[in-house]
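Engineer: Residues per chain are reported as follows:
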Amino acid sequence: MRHALRRALFTVALPALLLLLWLAASDGGDSVYFPPLRTILGSFAEVWNADRLAHDVLPSLGRLTAGYTAGAVTGVAAGILIGTHRRVRATAEPVLEFLRAVPPPVLVPVIMLFAGIGDTMKIVVIASGTVWPVLLNTVEGARAVDSVLSETARSYGITGLARLRRLTLPSAGPQIFAGLRQALSLGLILMVISEMFAASNGLGFAIVQFQRGFAIPEMWSGILLLGLLGFALATVFRLVERRVLRWYHGLRAAGRPS
Amino acid sequence: MKGHPMLDVRGLRKTYDGHGRRVEALRDLTFTVAAGELCCLVGPSGCGKTTLLKCVGGLLAPTSGEVLLDGARVTGPPPAMAVVLQEYGRSLFPWMSVYANVELPLRQKKDLGKERRRALVADALRAVDLADAGAAYPWQLSGGMQQRVAIARALAYEPEVLLMDEPFAAVDAQTRAELEDLVRLLWRQRGMTILFITHDIDEAVYLGQRVLILSASPTVVREELTVDLPPDRDQLTTRAEPAFARLRARVYEQIQAAIHTGRG
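Chain order of the listed sequences is A and B. Take the first sequence: its letter number 126 is residue 126 in this note's numbering, and every next letter is one higher. Take the second sequence: its letter number 111 is residue 111 in this note's numbering, and every next letter is one higher.
The set of hints was computed from the structure by calculation and includes no laboratory data. Be aware that one or more of the hints could be misleading.
Claimed, not checked - Distance windows between CB atoms, simulated:
hint, chain 1, residue 1, chain 2, residue 2, range
1, A, R143, B, R22, 41 to 49 Å
2, A, R143, B, L185, 54 to 62 Å
3, B, T75, A, R243, 53 to 61 Å
4, A, P109, B, R22, 56 to 64 Å
5, B, A136, A, V236, 26 to 34 Å
6, B, T50, A, T159, 17 to 25 Å
7, A, T65, B, D200, 52 to 60 Å
8, B, R22, A, A77, 17 to 25 Å
9, A, R2, B, D132, 37 to 45 Å
Claimed, not checked - Only some residues are given here: those of chain A computed to face chain B with a beta carbon under 10 Å:
hint, residue
10, V88
11, R89
12, A254
Note that the coordinates shown come from a computational prediction; the quantities given were computed from them, not determined experimentally. Just so you know, even glycine gets a beta-carbon here, dropped at the ideal spot from N, CA and C.
Model the full structure from these sequences, guided by the hints.
Structural biologist: Encoded structure:
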């Protein structure tokens, strides 16, 4: 209990300190572009009311969820296939190296050409960016299945789908989650970028609108909201990961090689 | 006790080809293990014991020769065979509870109902004295307990032949003695055929009804020794018997000779 309290304190301490510093340093300032934090916070409550949440934040989250899920599922499926078949890997690897080197935002204009400017485009952009870290990490994870474990499974007739479910996927779990974590922050970035190009709602759209209308405190409040959103998503992710990979963290804590 | 041959290894040969050179691991292995027999294989380190085990277990195709299990040629891992390996830490699935680890192979046997599965797992865990550990993860247990989980998994599988590859090489002496007695006990209770591979001479003599001594690699069977010790064995009294010392010395000589003269 005391341990948990201390950890919570450590988590909040630095953000709180930075906010206080920002608050103190900006108070009474008259810069147009860097308004006082007090003003930003004041506009925050005003701007992000229920209407805006429903109109801008929810659609954004919907796109992120759809794109991220599509990217993750594709990445894991393709990664397992490539990771467990040497020949597929030899064929696919050069192409993968090329594709992962292309920065996802430059795909936005290209994707707009065939997916239009609606939700589909944004979801495709998010999916096409998030798929890579998941895919490459899954390949590594699926390749690294322990040889003794693999032979044990074989000797007990655990093959095919059972092998995939009971051996390959859980064994690659830690790497898959590492990829999913990278993909999450990437997904958030792509969500905002895709909404800046051609959109009529969404968080990225709102922030650009505020900026163009010189509603600077409102713009800052949007950035603040994005940061909070990223933090919340990361926290949820960590909770899920802790749960799913409980065995992995326990195994590592037990200090035994695996 | 001696029945028909359960395991029949004929002219087993295995060479590995790689990087322009050919390594002959097994030259010519021929031996049988009778149904219900506990047979120990002992040899100098690096004598291809693991290759042999993989060939017998259907995990590796021999270069020539064959393995027959109850008259049928082994071409892949046979359902009537279970394996216990040395590396207990790497042969149990760390993401599953002890219970799930023992149950997993049974899920592959389609004709087993849920009730029957549960009964088999409970029985196997009880047999290795881990009835209360089902909910734990393997890595929460000591090395000896983990190896007992691996044994329970093999037991629940109800194999006719149990292959054990240096299963106790990585545990401390005290635990090792306990596990040896456990294997003897389970073997006598359940009447399985056991092929026990080890590099430990005392262990081979203490456990087996028969000891096969292997040569250094490329491997052949160097000698076959019947262990004429009483079936009731005890860590203290059996090991103190003159017959035990005599057998042990005999195996030791053979292994030394195998190391110094190479093959044959």
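Engineer: Hint by hint, note whether the structure agrees.
Structural biologist: Outcome of the hint check:
Judged by the Cβ atoms, the range 41 to 49 Å given for A:R143 and B:R22 is violated: they are separated by roughly 28 Å. Taken as a hint, the range 54 to 62 Å is violated for the pair A:R143 and B:L185, whose Cβ atoms sit roughly 41 Å apart. For the pair B:T75 and A:R243, the beta carbons lie near 42 Å from each other, so the given range of 53 to 61 Å is not met. One distance hint, 56 to 64 Å for the beta-carbon pair A:P109 and B:R22, holds here, with the actual separation near 58 Å.
A hinted range of 26 to 34 Å for the beta carbons of B:A136 and A:V236 is consistent with their spacing of about 29 Å. Checking the proposed 17 to 25 Å range against B:T50 and A:T159 shows it holds: the Cβ atoms sit about 22 Å from each other. Under the hint 52 to 60 Å, the C-beta atoms of A:T65 and B:D200, about 58 Å apart, fit the expected range. Distance hint check: the CB atoms of B:R22 and A:A77 are about 40 Å apart, inconsistent with the given range 17 to 25 Å.
In this structure the supplied range 37 to 45 Å is violated for A:R2 paired with B:D132, their Cβ-Cβ distance being about 31 Å. Nearest Cβ of chain B to the Cβ of A:V88: about 23 Å, over the 10 Å cut. The hint is violated. A cut of 10 Å between beta carbons decides the hint on A:R89: the least distance to chain B is about 20 Å, and the hint is violated. With 10 Å as the threshold, the beta carbon of A:A254 comes within range of chain B, its nearest partner Cβ sitting at about 5 Å, so the hint holds.
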